[in-house]
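S.K.: Work out the full structure, taking the sequences as your base and the hints as a guide.
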Amino acid sequence: MDPVPAPREAGADHRAGPRDRGRAAPVRPPGALVAEAVRPARRGRLPAGGGAPAHPCGHVDVPAGAQSVRRDRLRRHRRLPGRVPQGAERARAGVGDRLPRPPAAPAAREQRRAAAAAEGHRRRADMSAFADGRIEAYVGPVELGAADDLEAVITDFVAGARSTLAIAVQELDSPAIAQAILDASWRGVRVELFLEQDYLRSPLVGNPPRPPVPRPGETAAEALHRVQWLEDDTELAENRRILAALLRSDVQVRGDYNPRIFHQKFVLRDYDGRARPTSALLSGSANFTLTDTHRNLNHVFVFRSAFVCRQYLAEVEQLRAGSFGRRMHGDVPKVYDLGGVPVKVLFAPDHTPELEIVKQMLKGTEEIVFAIFTFAGSSGIDDAMLALARGGMKVRGVVDRTQAAHDWAAPAWLVHDNIELFVPRRSGVFSGLRKLHHKLMVIDEQVVVAGSFNYTAPANEFNDENIFVIGSVHTEVEGIEVAEQPCRVVARHLKAEVERIIALSEPWTPG
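Quick note: the sequence shown uses UniProt numbering, first residue 1, plus one each step.
Since the hints were derived computationally from the structure, they do not count as laboratory data. Be aware that one or more of the hints could be misleading.
[Said to hold, decoys possible] Here are the simulated lysine-lysine pairs, DSBU-like style, with alpha carbons at most 30 Å apart:
1. LYS359 - LYS394
2. LYS359 - LYS435
3. LYS435 - LYS394
4. LYS334 - LYS359
5. LYS334 - LYS363
6. LYS363 - LYS394
[As the list claims (entries may be wrong)] Derived DEER-like restraints, expressed as beta-carbon distance ranges:
7. PRO277 - ALA412: 19 to 29 Å
8. GLY133 - ARG425: 31 to 41 Å
9. GLU366 - GLY188: 44 to 54 Å
10. GLU499 - ARG276: 36 to 46 Å
Virtual Cβ for every residue (Gly too), placed ideally from N, Cα, C.
M.R.: Right under this line is the structure:
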């Protein structure tokens, strides 16, 4: 292994609501969200209903060949927009009439689950691996016609952990991903989880809070008791259920320390300063939610490089200390060689990623293709696009329809013959689309800029963010000899997804 902010909407890609939106030592920095729970003495099977259902391959006694056939068919089926009941999946593979065997021991069940996850990851990686396997790029979801099941990519990545997991994500409500985290903890992986608190707290009105309205036949005291203790019928109920399950399994969970938006979306696996065969970093535009992995257009990257892991470890150390800024990352982000492909990692607000994006754009000479969720006029990226278009460069981009409709959004003045802007249609393949959530740019089919960073002033100045720059338009960068073909291969892979989205879109028009 390679040793002046815009309105809140401009920086946030959370659900609409009234609010804008291992094992560590027992002494924790101020701001810790919760106290550590006591791990049960025995590590057995989790209670029924405590997480996602077990893998279907773990409960049917069939020959190895039949299991392989069934897994292959099931994987092909998961790439289709619809799903069928589990029994129908078994019938397709010709094993529906088999009797279930008694539950296996937890260790054996965990081994089968890990083996299935490894096989699933290997097959996906074969189609999405670049730079001698050191970079993997995934686009989803399959329900919207994209190539990859991002929820499976994330769960498989977590399932591959052997010693440590440091997870920093804005929101977690996917039961499958949560189950993978729980399973990791129960097999001895030290897990740290950093979350945005806005998805766990209720936005109570007033100080003191306004009392709840009693239901018919209910006293004021009973209504207050119901809200405080008995019910959770809010949209945050699943987030809180998952949080409780994590705490019961002794997973250390912390709330963010950023008064703005904790917008990170990464997992650092099996790296604590020393590289291991399983050390890797997963990051991208997707939150660990059902909507982001099944209804929003997103991307996820995996880097197998100790150099890249080291940069994210510095970010984790900042989170552990309860602070963020330039003090731990340094002022100048380094470029690393991954199989001839230069990779640079930047964090906001430490490294002002907007300047890096503009710099990469100015290096281009032919075209910029992009897909972005929030694009505000308060950023400098729109000015750079206009200047490049006036100089003859072609700019094609697709933006989220809802975000582009705001009066602060950049599309209103990105007007030039060399600029084409689109919004996804709400029909056909995209009839179930909720958001275009990418933060993705491809320059001259040689450079990819991706990650969690929206094109807004808050993202650049206040939010916790990360971006990565892959490739270069030059033959040499900071002493690294650039391999042009590998850079083009990964760039074309991401450009193809942006062009697919544009083909299913319509020209953006004001109003």
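S.K.: Of the numbered hints stated earlier in the document, which are not met by this structure?
M.R.: 7
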